[in-house]
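Residue numbers (our numbering), protein chains in the order written: chain A, 1 to 306; chain B, 1 to 360; chain C, 1 to 415.
By construction, these hints were calculated from the structure, which means they are not laboratory data.
It cannot be assumed that every hint is accurate.
What the hints assert, rightly or not - Listed below are the simulated DSSO-like cross-link pairs for lysine-lysine, each with C-alpha atoms no more than 27 Å apart in a straight line: (1) B:K53 to A:K165; (2) B:K269 to A:K165; (3) B:K295 to B:K44; (4) B:K209 to B:K359; (5) B:K295 to B:K314; (6) C:K129 to B:K269; (7) B:K67 to A:K165; (8) C:K127 to B:K269; (9) B:K274 to A:K165; (10) C:K127 to C:K141; (11) B:K147 to B:K332; (12) B:K282 to B:K295; (13) B:K332 to B:K295; (14) B:K142 to B:K163; (15) B:K317 to B:K295; (16) B:K269 to B:K44; (17) B:K53 to B:K282; (18) B:K269 to B:K53.
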Amino acid sequence: MAIPVYATPLERVWIYVYRVICALILMFLIAPILIIVPLSFNAEPYFTFTERMLAFDPAGYSLRWYDLLLTFGMQSAEAPRDWAWWADAWSNATWVGVARNSIIIGFFSTLVATVLGTIAALGLSRPDMPFRRGIMAILISPMIVPVIITATGLFFFYSSIEISKWGIPYLGIVLAHATLGIPFVIITVTATLVGFDQSLTRAAQNLGATPARVFFAITLPLILPGVVSGALFAFVTSFDEVVVVLFIAAHDEQTIPRQMWNGIREQISPAILSAATILVVVSVGLLAAVEMLRRRSERLRGVTPS
Amino acid sequence: MFLKRLMATTALTALIAGAATAQEITVMSWGGAYATSQIEAYHKPFAEKTGIKVISVDADNPATPIKAMVEAGNVTIDVADIEMSNAIRLCDEGLIEPIDAASLPAAPDGTPAVDDFVEGSLTDCAVASIVWSTIYAYDGAKFPGEKPTTMADFFDLEKFPGKRGLRKGAKANLEMALIGDGVPATDVYTMLETEEGVARAFAKLDSIKSEVVWWEAGAQPPQLLADGEVVMTTAYNGRIFNAAVDEGKPFEIVWDGQIMDFDLFVIPKGAPNKDAALEFIKFSTDTQRLADQAKWISYGPARLSSGPLVGTFKDGKTEMAPHMPTAEGNLKNALVNGFDFWADRDTELNERFAAWLAKG
Amino acid sequence: MADLTAGRLQTVEGMPLKQALAIAQRRSKQRAFLLVAPLLLFIVISFVIPIGQMLYRSVYNPGFADHMPRLTAWFEQNAGAPTEAAYEALVLDLQDAAAARTVGIVGTRINYDMSGTRSLFTGTGRKAKDFVPPYQDAVLKADRKWADPQLWSVMRAAAPRHTAAFYIAALDRTRDVDGNIVAVGEERQIYIPLFFRTMILSAVIAALCLLLGYPVAHLLATLPMRWSNLLMILVLLPFWTSLLVRTTSWMVLLQSQGVVNDIFVSLGIVDEEGRIQMIYNQAGTIVAMVHILLPFMILPLYSVMRTIKPSYVRAARSLGATSWTAFRRVYFPQTVPGIGAGVLLVFILAVGYYITPALVGGTSGTLISNMIAFHMQDSLNWSLGAALAAILLAAVLLLYWLYDRLIGIDNMKLG
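Chain A extracted, bound-state conformation (with noise of 0.2 Å):
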């Protein structure tokens, strides 16, 4: 926000002391995350900063919490670290469990979110639509119904349909992370058609377009950037669930944060802190992962910075 050449000297002061507002409010924003980092390498097994580590005493520091993430669970975690050894944790090691069930649920579960959600918001945004405000209420209404409602609700239907016979791993939990991230693939979708130019869509049905050909070559691209977004807020619901997760998930298909609930509940352990910083590292990698990518295709089409 560049100072425009207009303001009096009041309202330059106050453009600063607007920017020093901002940055303290993003630092209440950011300041919890960093604080996990030191502490994921604390040398014992408490929440806070021990003498030695504030000390900057390298005896207070340790990676144990890191080495404990991938020895907990496996079968033989004293044996030497050669290939049968990696094979063990892999196939083991009860947070490399977890993270893979993670990332399988938060896969399929945005993916049944993304496209049943996309396709709703098209026909919501239709100007034609019937009953267009209650199905919009019906279709919001798991973000708004308490997460300890909807888990108690779902464990009694899915027992009584005995989901967990049917033998597809996962679909259970998978269907209910589903259904609550599809308000936000719901709500963003329909908020980028509410600008949508539907006139482009007719002239291409004009041309001979099949209703697939429109989608895919004229609406898809369009309203692209609002389903990405849509299908991060699914993927980030159904990672970061937990309460579901405790209801109904079988006890192979626990997920992260469920591993990290117990971390918490039952036996306090910062391996939860490393776990986190982890994760923080991967997403900071993939939002700037993101960004250059941006960046690299305004090069390339030659578009000026904005």
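Got chain A sorted already, so can you dock chains B and C onto it with the hints?
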């Protein structure tokens, strides 16, 4: 591509696991160090002896999934480890299978199981494995001079200033408040049956309310002590023991006014592998196994005959016997949880407790 | 060509235009609906039905009727005080229930409404097989509590399968001896105060989020893209980080031996004795929840603000408005949809949260969701939990409806 391969591998492992399920049972417990102690003392030897694989599952409170599973007709666990008051309740409601106490193995000297178990630790449907207790512990470093020794000291803010930790719930707090107010342990429940007794307990809690930090999960009290958030806190004795012995923290347990409770094995009604589950319970609650568990956690065995067999902690040097709630020296002024009392008054007193808390 | 001779507009096929239009419109409606149908079906099956089933438990509790059929029948046919026939029904039912090990279900059900009666049922149930007529004397000899008229009043109220009893309890009411609904004693009034506290706390959290989120969203929306995207990472990062981890790190920061207090002490703002209690109370809940929900406020605000053209404000300035007036009259009104969406989102999410309050809430920061979770998971009184949930849901739906009336749900945007 990666994900696809991942899916394929997972599906494959699931398939192999499925094919190999000649016999396996699922045991639900509380997680943490407690579940670890069970895996070491019961699950592994059981699998070795019978070839039946034991899968350990965690729950925040295993009684909840039992009720939900049985009502929904979708029972996926075979054995669960629950508290006494829940065991009584679930048994009365027909949600768990009856277990004939006479079928349990006798003690090595031939004493039948019914007489070998601690009095009151067997019910129609459940077999106790451990005696645990709610005690209070303090940070020794915070009291260089005189140290707290009685329940009354816990409520004495003048003599021992500093924050207190208490569990957020009525159970154990009301009893401790009365003991701290000078009521002998034996009279506590008769007193709590009356309105005056309840009022007196709440009044005692009122006297320290402003200095209390409330905890909910068993792992929190050692954390609160270690962080210096509180100088003394009620806790489950095993948790404090692990922090003190395993991590070398200067925490001390005060056994005066301890409230003992049992954890029991039960079989949910409609368990998929009922026979194997019963086999597992018989195996796990024999004299030697119960004594073995003490190697990993400081909870007392529920069998009298296990007492002398209790050895040292896994570090090989700490004698476990004096750390058991059932040790002779720790039993003075001890109270056994009033299971029937709480089964009856649980809802009312917890609502009252919540209302008392909310009053700020 | 339209044929005008008939005096009406017609299509090529000779159909009246009005009718043709109606058909086309109907077809278009059908097409729109068909697009929505798969998702609607999915949500109805995977969400509406399960929730409905769950909420049905708040009015349907067959615990008494299923296991005490004779006594239930007696209640249906007779009014007034229990007779020997009633006691006979009671004893026969208790005998059956004890044999089927279901007497605990009945006891638990009655215990919900009248504390301390659970063991009365299980205890008498154990002895019931030895009772001989006259049953009234036998029962009263076993336990005098059976003579209590309040007990019979509670049993009569619990007998129907469909009951409002759980809503009565959820509103801090109970039935007296004559079956009238009265408030429970003051020391047990908990749910209504908690409902109010939940609403107030959620409103405070939403307001704070707005206060903190508005300037940041504005900054992000007005900065050049390359800068705003970098700052956006700071907003998205907490959003990506697990709720549990963020709650934990607030414990580390705010506790009395925590980082913030340590900084205060070393700066000399407070002394060693005067460390501020910032967690395990309402303050802790508010700080942690504002942090967790702030991205939900910033993202919708940001997406609305990005679409506001800076030329409007410039035009206002060039027409002589001060910067404050330009903001108040031109910029701010255009951001209202974003504010609405953000506030609604944050408020609704805050109402339903229970993990964070459970971990950092202490005594004064507990919310109604914690009570729902308590009844779902600890006391196992699912009907009461469902009744509380239904009331909460009704309140949220009312707000949603108001929002839709005032701002319109279509204006809700997220990023």
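Query raised in the report: Within 27 Å, alpha carbon to alpha carbon, are B:K53 and B:K282?
Result: holds, 16 Å
Query raised in the report: Within a Cα-Cα threshold of 27 Å, do B:K295 and B:K314 meet the stated pairing?
Result: holds, 5 Å
Requested in this report: Compare the distance between the alpha carbons of C:K127 and B:K269 with 27 Å, and conclude whether the hinted pair is satisfied.
Outcome: holds, 24 Å
**Report entry** Holds or violated: B:K282 to B:K295, with C-alpha atoms at most 27 Å apart
**Finding:** holds, 20 Å
Query - Distance restraint between B:K332 and B:K295, which requires alpha-carbon spacing of 27 Å or less - result: holds, 24 Å
Query raised in the report: Within 27 Å, alpha carbon to alpha carbon, are B:K67 and A:K165?
Result: Roughly 20 Å separates the two Cα atoms, so the pair holds.
**Report entry** Distance restraint between B:K269 and A:K165, which requires alpha-carbon spacing of 27 Å or less
**Finding:** holds, 19 Å
Query raised in the report: Between B:K295 and B:K44, does the CA-CA distance stay at or below 27 Å?
Result: Distance ~14 Å between B:K295 and B:K44 Cα, so the pair holds.
Query raised in the report: If you draw a straight line from the CA of B:K53 to the CA of A:K165, is it 27 Å or shorter?
Result: At roughly 21 Å apart (the allowed maximum being 27 Å), A:K165 and B:K53 satisfy the hint.
Query raised in the report: Taking 27 Å as the top limit, are the C-alpha atoms of C:K127 and C:K141 close enough?
Result: Answer holds: C:K127 to C:K141 is near 11 Å, not above 27 Å.
Requested in this report: Measure nothing beyond the straight line between the CA atoms of C:K129 and B:K269; if it is 27 Å or shorter, mark the hint as holding.
Outcome: holds, 24 Å
Requested in this report: Take the C-alpha atoms of B:K269 and B:K44, compute the straight-line distance between them, and say whether it is at most 27 Å.
Outcome: holds, 25 Å
Of the numbered hints given earlier, the model fails none.
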